[in-house]
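Asks: Knowing the structure of chain A, use the given hints to seat chain B on it.
Sequence lines, in order, name chains A and B.
Heads up, the first sequence is in this note's numbering, so the first residue is 1 and it goes up one at a time.
Heads up, the second sequence is in this note's numbering, so the first residue is 1001 and it goes up one at a time.
Derived from the structure by calculation, the hints contain no laboratory data.
Careful: at least some of the hints might be erroneous.
[What the hints assert, rightly or not] Distance condition first, Cα-Cα at most 25 angstroms in a straight line; then the derived DMTMM-like pairs of lysine to aspartate or glutamate:
hint: 1; chain 1: B; residue 1: K1048; chain 2: A; residue 2: D300
hint: 2; chain 1: B; residue 1: K1092; chain 2: A; residue 2: E57
hint: 3; chain 1: A; residue 1: K11; chain 2: A; residue 2: D87
hint: 4; chain 1: A; residue 1: K48; chain 2: B; residue 2: E1329
hint: 5; chain 1: B; residue 1: K1202; chain 2: B; residue 2: E1162
hint: 6; chain 1: B; residue 1: K1109; chain 2: A; residue 2: E135
hint: 7; chain 1: A; residue 1: K48; chain 2: B; residue 2: E1054
hint: 8; chain 1: B; residue 1: K1048; chain 2: A; residue 2: E295
hint: 9; chain 1: B; residue 1: K1227; chain 2: B; residue 2: E1329
hint: 10; chain 1: A; residue 1: K350; chain 2: A; residue 2: D18
hint: 11; chain 1: B; residue 1: K1293; chain 2: A; residue 2: D125
hint: 12; chain 1: A; residue 1: K293; chain 2: B; residue 2: E1329
hint: 13; chain 1: B; residue 1: K1092; chain 2: A; residue 2: D305
hint: 14; chain 1: A; residue 1: K92; chain 2: A; residue 2: D346
hint: 15; chain 1: B; residue 1: K1112; chain 2: B; residue 2: E1138
hint: 16; chain 1: A; residue 1: K92; chain 2: B; residue 2: E1329
hint: 17; chain 1: A; residue 1: K298; chain 2: B; residue 2: D1125
hint: 18; chain 1: A; residue 1: K356; chain 2: A; residue 2: D346
hint: 19; chain 1: B; residue 1: K1365; chain 2: B; residue 2: D1305
hint: 20; chain 1: B; residue 1: K1092; chain 2: B; residue 2: E1027
hint: 21; chain 1: A; residue 1: K298; chain 2: B; residue 2: D1087
hint: 22; chain 1: B; residue 1: K1298; chain 2: A; residue 2: E135
hint: 23; chain 1: A; residue 1: K173; chain 2: A; residue 2: E134
hint: 24; chain 1: A; residue 1: K48; chain 2: B; residue 2: E1295
hint: 25; chain 1: B; residue 1: K1173; chain 2: B; residue 2: D1125
Number of protein chains: 2
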Amino acid sequence: MVLRFKCFGMKFTIHNRDGNARAGLLELSRGVIHTPVFMPVGTQGTVKAISPAELEEIGAEIMLCNTYHMYLRPGYEVVEELGGLHDFISWKKPILTDSGGFQVYSLAKLRKIEQNGVHFRSHLDGSAHFIGPEESIEIQKSLGADIIMAFDECPPHPSTYEYTLHSLELTAKWARQCRDIQPQGQALFGIVQGGAFRDLRKLSAGQILNIGFDGYAVGGLSVGEPKEIMHEVIHYITTFLPDQSPRYLMGVGDIVDMLEAVEAGFDMFDCVMPTRNARNGTLFTSTGRLSIKREEYKRDSGPLDPECGCYTCRNFSRAYLRHLFHSREILSMRLNTIHNLYFYFDFFKKMRVAIKDERFGAFKKRWIGIV
Amino acid sequence: MVLRFKCFGMKFTIHNRDGNARAGLLELSRGVIHTPVFMPVGTQGTVKAISPAELEEIGAEIMLCNTYHMYLRPGYEVVEELGGLHDFISWKKPILTDSGGFQVYSLAKLRKIEQNGVHFRSHLDGSAHFIGPEESIEIQKSLGADIIMAFDECPPHPSTYEYTLHSLELTAKWARQCRDIQPQGQALFGIVQGGAFRDLRKLSAGQILNIGFDGYAVGGLSVGEPKEIMHEVIHYITTFLPDQSPRYLMGVGDIVDMLEAVEAGFDMFDCVMPTRNARNGTLFTSTGRLSIKREEYKRDSGPLDPECGCYTCRNFSRAYLRHLFHSREILSMRLNTIHNLYFYFDFFKKMRVAIKDERFGAFKKRWIGIV
Chain A
1 MVLRFKCFGM
11 KFTIHNRDGN
21 ARAGLLELSR
31 GVIHTPVFMP
41 VGTQGTVKAI
51 SPAELEEIGA
61 EIMLCNTYHM
71 YLRPGYEVVE
81 ELGGLHDFIS
91 WKKPILTDSG
101 GFQVYSLAKL
111 RKIEQNGVHF
121 RSHLDGSAHF
131 IGPEESIEIQ
141 KSLGADIIMA
151 FDECPPHPST
161 YEYTLHSLEL
171 TAKWARQCRD
181 IQPQGQALFG
191 IVQGGAFRDL
201 RKLSAGQILN
211 IGFDGYAVGG
221 LSVGEPKEIM
231 HEVIHYITTF
241 LPDQSPRYLM
251 GVGDIVDMLE
261 AVEAGFDMFD
271 CVMPTRNARN
281 GTLFTSTGRL
291 SIKREEYKRD
301 SGPLDPECGC
311 YTCRNFSRAY
321 LRHLFHSREI
331 LSMRLNTIHN
341 LYFYFDFFKK
351 MRVAIKDERF
361 GAFKKRWIGI
371 V
Chain B
1001 MVLRFKCFGM
1011 KFTIHNRDGN
1021 ARAGLLELSR
1031 GVIHTPVFMP
1041 VGTQGTVKAI
1051 SPAELEEIGA
1061 EIMLCNTYHM
1071 YLRPGYEVVE
1081 ELGGLHDFIS
1091 WKKPILTDSG
1101 GFQVYSLAKL
1111 RKIEQNGVHF
1121 RSHLDGSAHF
1131 IGPEESIEIQ
1141 KSLGADIIMA
1151 FDECPPHPST
1161 YEYTLHSLEL
1171 TAKWARQCRD
1181 IQPQGQALFG
1191 IVQGGAFRDL
1201 RKLSAGQILN
1211 IGFDGYAVGG
1221 LSVGEPKEIM
1231 HEVIHYITTF
1241 LPDQSPRYLM
1251 GVGDIVDMLE
1261 AVEAGFDMFD
1271 CVMPTRNARN
1281 GTLFTSTGRL
1291 SIKREEYKRD
1301 SGPLDPECGC
1311 YTCRNFSRAY
1321 LRHLFHSREI
1331 LSMRLNTIHN
1341 LYFYFDFFKK
1351 MRVAIKDERF
1361 GAFKKRWIGI
1371 V
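Isolated chain A (complex conformation) (with noise of 0.2 angstroms):
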């Protein structure tokens, strides 16, 4: 087994366990995390309707910005030459980028996999493209992003056993040469993959725990497979992954997912869901979903959760926010984004204090009544 380089600068320590489910810090040099954690997705460089200051506001201890989309718009060359992601951008605290993989897979056109990486074209142009292991880490190297993604195939579910385990070989060749170019300063994350296969699961573990990464992601998990498949392939994944290193679940966040996820062990999360549905007006409160657009709520005085401590329920009435909607104002996703985005780092504040108090089992079964 190659001896793990320590990234400089990233240190986790795990302070409190329940169970599986742990509670840590999470420490680089533009910031402290506190996990389990909630990342917040910025795709084009803006968490969607919210502006920095905000973010960090609400409590927002790192986002993620798609490798990708920088890529294509506004060039990664050009991010560089203006300072990297964090100037370019204005936000002071970490960022995580993803490899480009998972939205080459689904948005760009005309995919072509090779063995050194995939021609695409640009969903905005047509433009040809390609991208592979050196030019991810090329890219994510010039974003300067404090935790890199190695690039990896996601196969679409449903996918057959031989597609998957196919795949598994680009994948694990593909995290070996970006391993081996980690630039100096970015902490590396490998991705296991292996779909909805138990034993392909393990053999990627396996292959990705044997090239050793500061930390570990699960991909191709929420890409609409049955909720009892992800379950289990995230109660069984986590059985082979280091217990000393972050646990990354990618682009799940479900509240019922990732309570699941987090009673199994894992401690990073990143999904568009917040944002997403609060510019659709579906806004989560204490007492569950509620959906703003109601002819219910249309003479309603009260917050949005009277429980609830963001801008948005200090200032407004329901009412208001329902007409702002159906007006549709800009406003309306502003306080609808700040009011999700406030949830969920509460929500998680809370997993947190469960844990540490020990009674993260009674906390997930409460929710999962509620969500």
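Replies: Here is chain B on its own, set in the frame of chain A:
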């Protein structure tokens, strides 16, 4: 001449003069307004893209809401039930509502003007409505703005002399009706019409002054007429407006036009220009207008305007603002709006200082060379 009713709580004091230009203080129970003042437009109960907290931080002392829009959605009874506009939209400083007339003429469908008001169909759902002077005051009373406007007819440009003359009869009749039912605690402004015709402007001013209002507005400008005509009317009409009353030039927001109007003795302005331009990527700077979408800003690490102190200029580069604009991000509209409104409020502050220092002429000349 009827004794002027002094609206409880409104006081207007002129502190400085420079030629016909004046700088003063409009005191209302909800706050003090430094004049000349720019009133940002919150068409549907929000200044587009901006939160009330930001609006206050940028420097707004009063905002405008559109009676027509609030009447149709969410409905003025709803707003009244929720405590009036200030509570509903969470803006504690003064609000001015227009009469609804202008939107009825410019937005609504199938208008039919009668002696007692206007039948029209909603631009939202085609439903049938009727608003006259009584209805307008009733709605504005429910909304509860600090300054309300008389219901008038605003003829389109161009209109014939005969049509405009006939229209003044209605405007004068409706103005008297509004004055007769002015609600307590709300300042009521009369509106002078008369199109591009000097003698009709004079006639209308006489009619409106004869009724007597807390302030005087001039309507029917910036509706498509040539700039020379607008500027001529601006200078001509102010000679008829009482010196001691606030003078409000409705819907005019171009920098050059406002300089002309302040020189003539106007005190109040409203326009969607800074906010609408912001959303379209046109930004006001100390060296002129700038279109942020242009290729030349792609790698420009400098702020929009090095002389500006707004949140946008303090934190973001032109390159990032260009990226947000091309990526159609909500943050683009937000940051641009913050900047343009900050520019407008700062420009008005500079105008007031120039009047105080008795150098408004030079100030005007310099700015006409820039914008």
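Asks: Hints first: check each against the structure and report whether it holds.
Replies: So, going through the hints one by one against the coordinates:
1. For the hint pairing K1048 (chain B) with D300 (chain A), the CA-to-CA distance comes to about 23 angstroms; that is within 25 angstroms, so the pair holds.
2. A distance of roughly 23 angstroms separates the Cα atoms of K1092 (chain B) and E57 (chain A); the hinted pair therefore holds under the 25 angstroms criterion.
3. With a C-alpha separation of about 24 angstroms, the suggested pairing of K11 (chain A) with D87 (chain A) holds against the 25 angstroms cut-off.
4. Between K48 (chain A) and E1329 (chain B) the CA atoms are separated by roughly 7 angstroms; this keeps the pair inside 25 angstroms, and the hint holds.
5. At roughly 15 angstroms between alpha-carbon atoms, K1202 (chain B) and E1162 (chain B) fall within 25 angstroms of each other, so this suggested pair holds.
6. The suggested pairing of K1109 (chain B) with E135 (chain A) is violated, with an alpha-carbon distance near 57 angstroms, which exceeds 25 angstroms.
7. Between K48 (chain A) and E1054 (chain B) the CA atoms are separated by roughly 18 angstroms; this keeps the pair inside 25 angstroms, and the hint holds.
8. This hinted pair checks out: K1048 (chain B) and E295 (chain A) have alpha carbons roughly 24 angstroms apart, not beyond 25 angstroms.
9. Of the pairs offered as hints, the one joining K1227 (chain B) and E1329 (chain B) is violated, with about 35 angstroms between alpha carbons and a cut-off of 25 angstroms exceeded.
10. Restraint check for K350 (chain A) and D18 (chain A): the C-alpha separation of about 14 angstroms stays at or below 25 angstroms, so the hint holds.
11. Between K1293 (chain B) and D125 (chain A) the CA atoms are separated by roughly 17 angstroms; this keeps the pair inside 25 angstroms, and the hint holds.
12. About 23 angstroms separates the Cα atoms of K293 (chain A) and E1329 (chain B), which keeps this hinted pair within 25 angstroms; it holds.
13. Taken as a hint, the K1092 (chain B) and D305 (chain A) pair is honoured in the structure, with Cα atoms around 22 angstroms apart against an allowance of 25 angstroms.
14. Among the hinted pairs, K92 (chain A) with D346 (chain A) is consistent with the structure: their alpha-carbon atoms are about 21 angstroms apart, no more than 25 angstroms.
15. A hinted pair counts as satisfied when its Cα atoms are at most 25 angstroms apart, and K1112 (chain B) with E1138 (chain B) qualifies at roughly 20 angstroms.
16. For the hint pairing K92 (chain A) with E1329 (chain B), the CA-to-CA distance comes to about 20 angstroms; that is within 25 angstroms, so the pair holds.
17. Distance hint between K298 (chain A) and D1125 (chain B) is fulfilled; the C-alpha atoms sit about 18 angstroms from each other, no more than 25 angstroms.
18. Note on K356 (chain A) and D346 (chain A): the hinted pairing holds, with a Cα-Cα distance of about 15 angstroms set against a maximum of 25 angstroms.
19. The hinted pair formed by K1365 (chain B) and D1305 (chain B) meets the criterion: a straight-line CA distance of about 21 angstroms does not exceed 25 angstroms.
20. Proximity of K1092 (chain B) to E1027 (chain B) is assessed by CA-CA distance (about 14 angstroms); at most 25 angstroms being required, the pair is judged to hold.
21. Distance check on the hinted pair: K298 (chain A) and D1087 (chain B) sit about 15 angstroms apart at the alpha-carbon level, within 25 angstroms; holds.
22. Between the alpha carbons of K1298 (chain B) and E135 (chain A) the distance comes to roughly 23 angstroms, so the proposed pair stays at or under 25 angstroms and holds.
23. With a C-alpha separation of about 12 angstroms, the suggested pairing of K173 (chain A) with E134 (chain A) holds against the 25 angstroms cut-off.
24. Of the supplied pair hints, the one linking K48 (chain A) and E1295 (chain B) holds, its CA atoms being roughly 24 angstroms apart against a limit of 25 angstroms.
25. This hinted pair does not check out: K1173 (chain B) and D1125 (chain B) have alpha carbons roughly 31 angstroms apart, beyond 25 angstroms.
Checked against the numbered hints above, the structure breaks hints 6, 9 and 25 and satisfies the rest.
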